[in-house]
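**Student:** In order, the protein sequence lines correspond to chains A and B.
Heads up: the first sequence begins at 12 in the numbering used here, then just goes up one per residue.
Heads up: the second sequence begins at 12 in the numbering used here, then just goes up one per residue.
Since the hints were derived computationally from the structure, they do not count as laboratory data.
Since copy identity is lost for identical chains, a pair holds within one copy or between any two.
Taking lysine-lysine pairs in the DSS-like style, the calculated list, with each CA pair at most 25 Å apart, reads: (1) K266 <-> K505; (2) K130 <-> K365; (3) K410 <-> K330; (4) K40 <-> K192; (5) K266 <-> K296; (6) K391 <-> K410; (7) K418 <-> K296; (8) K410 <-> K149; (9) K374 <-> K149.
Chain by chain, the residues run as shown.
Protein chains: 2
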Amino acid sequence: MKKIVPILLSCILTSFLTHGQSPQEFIKKSVNEQQWNLIDDFKSFLAIPNVAVNAQGLQDNAQWLANYMKSKGIEDVNLLTLPNTSVPPVVFGEVKVPGATETIIFYAHYDGQPVDTSKWYPGLHPFHPSLYSGMYEKGAIVLPWLSKGNNYDLNARIYARGASDDKAGVMAIINAYAQLKTLHLQPTVNIKFFFEGEEEAGSPNLESLLELYKNKLTSNMWVICDGPVHQSGKKQLVMGVRGDTHLELTVFGPKRPLHSGHYGNWVLNPAMELARLLASMKNEKGEVTIKGFYDDVVPLSSLEKEALAKVPSVEVQLKNELGINATERPGALNDALQLPSLNINGLQSAGVGKFSANVIPTKAIASVDMRLVKGNDWVKQQQKVIDHIKAQGFYVTYKEPTEEERKSNAKICMVVPDKNSYNAQKTSLDNPYVKRISKAMELSSAELPVILPTLGGSLPLFVFEKVLNTSPITVPIANHDNNQHAENENIKLKNFFEGIQIFASIMLLGK
Amino acid sequence: MKKIVPILLSCILTSFLTHGQSPQEFIKKSVNEQQWNLIDDFKSFLAIPNVAVNAQGLQDNAQWLANYMKSKGIEDVNLLTLPNTSVPPVVFGEVKVPGATETIIFYAHYDGQPVDTSKWYPGLHPFHPSLYSGMYEKGAIVLPWLSKGNNYDLNARIYARGASDDKAGVMAIINAYAQLKTLHLQPTVNIKFFFEGEEEAGSPNLESLLELYKNKLTSNMWVICDGPVHQSGKKQLVMGVRGDTHLELTVFGPKRPLHSGHYGNWVLNPAMELARLLASMKNEKGEVTIKGFYDDVVPLSSLEKEALAKVPSVEVQLKNELGINATERPGALNDALQLPSLNINGLQSAGVGKFSANVIPTKAIASVDMRLVKGNDWVKQQQKVIDHIKAQGFYVTYKEPTEEERKSNAKICMVVPDKNSYNAQKTSLDNPYVKRISKAMELSSAELPVILPTLGGSLPLFVFEKVLNTSPITVPIANHDNNQHAENENIKLKNFFEGIQIFASIMLLGK
Numbered sequence: 012m013k014k015i016v017p018i019l020l021s022c023i024l025t026s027f028l029t030h031g032q033s034p035q036e037f038i039k040k041s042v043n044e045q046q047w048n049l050i051d052d053f054k055s056f057l058a059i060p061n062v063a064v065n066a067q068g069l070q071d072n073a074q075w076l077a078n079y080m081k082s083k084g085i086e087d088v089n090l091l092t093l094p095n096t097s098v099p100p101v102v103f104g105e106v107k108v109p110g111a112t113e114t115i116i117f118y119a120h121y122d123g124q125p126v127d128t129s130k131w132y133p134g135l136h137p138f139h140p141s142l143y144s145g146m147y148e149k150g151a152i153v154l155p156w157l158s159k160g161n162n163y164d165l166n167a168r169i170y171a172r173g174a175s176d177d178k179a180g181v182m183a184i185i186n187a188y189a190q191l192k193t194l195h196l197q198p199t200v201n202i203k204f205f206f207e208g209e210e211e212a213g214s215p216n217l218e219s220l221l222e223l224y225k226n227k228l229t230s231n232m233w234v235i236c237d238g239p240v241h242q243s244g245k246k247q248l249v250m251g252v253r254g255d256t257h258l259e260l261t262v263f264g265p266k267r268p269l270h271s272g273h274y275g276n277w278v279l280n281p282a283m284e285l286a287r288l289l290a291s292m293k294n295e296k297g298e299v300t301i302k303g304f305y306d307d308v309v310p311l312s313s314l315e316k317e318a319l320a321k322v323p324s325v326e327v328q329l330k331n332e333l334g335i336n337a338t339e340r341p342g343a344l345n346d347a348l349q350l351p352s353l354n355i356n357g358l359q360s361a362g363v364g365k366f367s368a369n370v371i372p373t374k375a376i377a378s379v380d381m382r383l384v385k386g387n388d389w390v391k392q393q394q395k396v397i398d399h400i401k402a403q404g405f406y407v408t409y410k411e412p413t414e415e416e417r418k419s420n421a422k423i424c425m426v427v428p429d430k431n432s433y434n435a436q437k438t439s440l441d442n443p444y445v446k447r448i449s450k451a452m453e454l455s456s457a458e459l460p461v462i463l464p465t466l467g468g469s470l471p472l473f474v475f476e477k478v479l480n481t482s483p484i485t486v487p488i489a490n491h492d493n494n495q496h497a498e499n500e501n502i503k504l505k506n507f508f509e510g511i512q513i514f515a516s517i518m519l520l521g522k
Numbered sequence: 012m013k014k015i016v017p018i019l020l021s022c023i024l025t026s027f028l029t030h031g032q033s034p035q036e037f038i039k040k041s042v043n044e045q046q047w048n049l050i051d052d053f054k055s056f057l058a059i060p061n062v063a064v065n066a067q068g069l070q071d072n073a074q075w076l077a078n079y080m081k082s083k084g085i086e087d088v089n090l091l092t093l094p095n096t097s098v099p100p101v102v103f104g105e106v107k108v109p110g111a112t113e114t115i116i117f118y119a120h121y122d123g124q125p126v127d128t129s130k131w132y133p134g135l136h137p138f139h140p141s142l143y144s145g146m147y148e149k150g151a152i153v154l155p156w157l158s159k160g161n162n163y164d165l166n167a168r169i170y171a172r173g174a175s176d177d178k179a180g181v182m183a184i185i186n187a188y189a190q191l192k193t194l195h196l197q198p199t200v201n202i203k204f205f206f207e208g209e210e211e212a213g214s215p216n217l218e219s220l221l222e223l224y225k226n227k228l229t230s231n232m233w234v235i236c237d238g239p240v241h242q243s244g245k246k247q248l249v250m251g252v253r254g255d256t257h258l259e260l261t262v263f264g265p266k267r268p269l270h271s272g273h274y275g276n277w278v279l280n281p282a283m284e285l286a287r288l289l290a291s292m293k294n295e296k297g298e299v300t301i302k303g304f305y306d307d308v309v310p311l312s313s314l315e316k317e318a319l320a321k322v323p324s325v326e327v328q329l330k331n332e333l334g335i336n337a338t339e340r341p342g343a344l345n346d347a348l349q350l351p352s353l354n355i356n357g358l359q360s361a362g363v364g365k366f367s368a369n370v371i372p373t374k375a376i377a378s379v380d381m382r383l384v385k386g387n388d389w390v391k392q393q394q395k396v397i398d399h400i401k402a403q404g405f406y407v408t409y410k411e412p413t414e415e416e417r418k419s420n421a422k423i424c425m426v427v428p429d430k431n432s433y434n435a436q437k438t439s440l441d442n443p444y445v446k447r448i449s450k451a452m453e454l455s456s457a458e459l460p461v462i463l464p465t466l467g468g469s470l471p472l473f474v475f476e477k478v479l480n481t482s483p484i485t486v487p488i489a490n491h492d493n494n495q496h497a498e499n500e501n502i503k504l505k506n507f508f509e510g511i512q513i514f515a516s517i518m519l520l521g522k
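Chain A on its own, in the form it takes in the complex (with noise of 0.2 Å):
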């Protein structure tokens, strides 16, 4: 147990100084003792539909979320709004703290990665939230919602869209507070609490809802809820995010679908030309071979590589757990995560399995998705793609072809850049919050947490910077196999309790 008297005599907690607890070993015990409950809010929250084809459900989220705040002793609780659009509404709070000097804005979103509920496991539904005794694919078994008194098994999870990305982060942001106010410990910041709706959207209006309500979002820093701990399972403190864009890719073929023995070889199959269109795009050393792709990313400093050093490796853990061999990269997963990718999300031509009939295609559509690091520009980075593909000989449009196109080009792609992209960000590893949430976070779990110089994932982490002048810290809570952006999400819940401990200590924060 570790004495922690700079916080102590900060806050006046002679409650616990009796007892000789820290105020971290307090907000375990009382986390604990509170399972029931807090799993019975989350239950709630997650049952709210927060996709983005549903405008009504992400409001809905919003105002459930409103009324939970101040359900908590959250005073000061607003929406919000852009005037006169729909664009989901940031749910806002602040409280303030009797002689606080710094004031800690913490963000996470409430909405989800877009459904295909026939996907999802049998017994699964992404807005019914399930509880299972561990991971489905491993025959965990389903269990029941307990009530007061009783004790969750912590290698639960909750399946459910959002359980990890991101509503267990605003709940453990929440609840932190919660927990801290329950207990009257003080914490020694002033709190602001900042939940956007339309970060898997692409966060297409965070810089606006920043630029309308910069009066209120003034802070020292940002604590960002989001993504997974280490897959060592360790908790970590990332410092930047990769930027991301999507291109939809379509390459046209005949008019109509073609018999595939009338036609086939003699009609360009466009199946065939995507295959060998997007084959073109990567070596088999797993190297984009778009000209220039690499060209304007921003070496790493030596503190970067210091951090990277001492990343535990988790390579051997994460094949078996995946069930590969190979990996597309040779080394360590973190050092192929600093540079820019280039990924399929998905590939779509006429039919397979049961769908599949004897045609020629009368299209092939690919979802590209790139990352970004510091120094890439997604429109540039985009540019490069769309130079690669004409220089494969492709006529590149930004539409369906007309007739007068078809008739004039012997392949056809359509373009669909993704306007709602966005840069890398990153934090120097310099700034002194790096070190005073490390120590919280190891106070709160007894042990340091890894810090990594990005995370593979994006948030548009940049508009605080532009927008606030304000360079953000992330600190995820999710267990890293926890299916998000696909189906089958779930959250373990030793990750969303030990959530809550996390966020409350950093509520406590040290000099």
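Start from chain A and add chain B according to the hints.
**Tutor:** Quick look at chain B alone, frame taken from chain A:
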């Protein structure tokens, strides 16, 4: 107008001698008067679902057909079944003609390709036949069904599964006979009817059925009605078909869908691996690069080369119609079809468009179709592809990979080979029926048909040679732009009515 003295002499057709009209003109007039009735019957037939997954639907089709044939005066109608199986029956019928010394069996099939109703144009449904003034996609309007005394626009099209492939064939053959009967025109040959119910499933039981009912199926010639007429609009007489075989290829990635940010460019992406694999199978010139792919091809005879040289050029028309500028192989369509082909029927991996998510997919699937020409053996042709996949560094399995297989192999491809495959068949251009049937077609449509050494498409015609030692000839009737094997299948009314006339003329075959 041509006089057809030999047929007249043999048929005792005094009724029209007095009017100076040929039997073919009489038939045409009669078909014209019966349009409403023929279409009514056809529409009823098309409304019965005829896909392989719906066994009851196929039985219903067979029963409907048997009743229909009886109603048209075909007396000896039977359902030929395979005992102790649920194989859709062959609907068989027979007409013995006094004095006739030859027998022709007419073949068509009543089953259709699989349907994905959601892909049909709005307003169309595979089993609710609808009539349009022309091609739907060219702005055709829906037309009413007509009653007695009204004539249809011959350019109108019926949209339904099986409209052209091959319920039109079935109906044309039955009604050809029905017209002769109504007009008291006596066929010059004995007629047998053979309507299969498993053609689109690759006719897996045709051989057994022919074996079992060998004694019923004696004939001098099989005339097959399936496939489209020549793209020039001319009738054609087809001497062979390509063989057909399929492989479904599944490339495996991680066991669970991974976040493309947190893992993208470390974990191998199965969609990219599949793209690379497919791209390795064909070069930019449209040549299949799989080792030995063209090795077993039997060269064309000089008669075949002559026939091909006479095939009207349709390449410019087709490019225009299909909205394509270039082709996979240079030169004439029919030259390309003399070679074995490899074609992608479909691709699927995770989702695209609104179903796209930021994932590394768990697998990527391609449905591959191969056409075979004389000399190719389908088992051998499949093996060439499998060997190629292995040569690209894949571990090939025939079922979902085990944990152990995942652990020990960098790249895994599951191959599901289609066992219901068959080889190509060709009837020699020396066969005496070629000229006789060609003449009957000329009498019906006032021009010589195109003679094609092989159709690009496939039918299991090899079994007629194998079991019954008879080489068939194919007489297609459907418009070439009929979308057979895809959504929005249709037949032009002109083709349907002329089909009836052609088969009636063949039933009046001259020496």
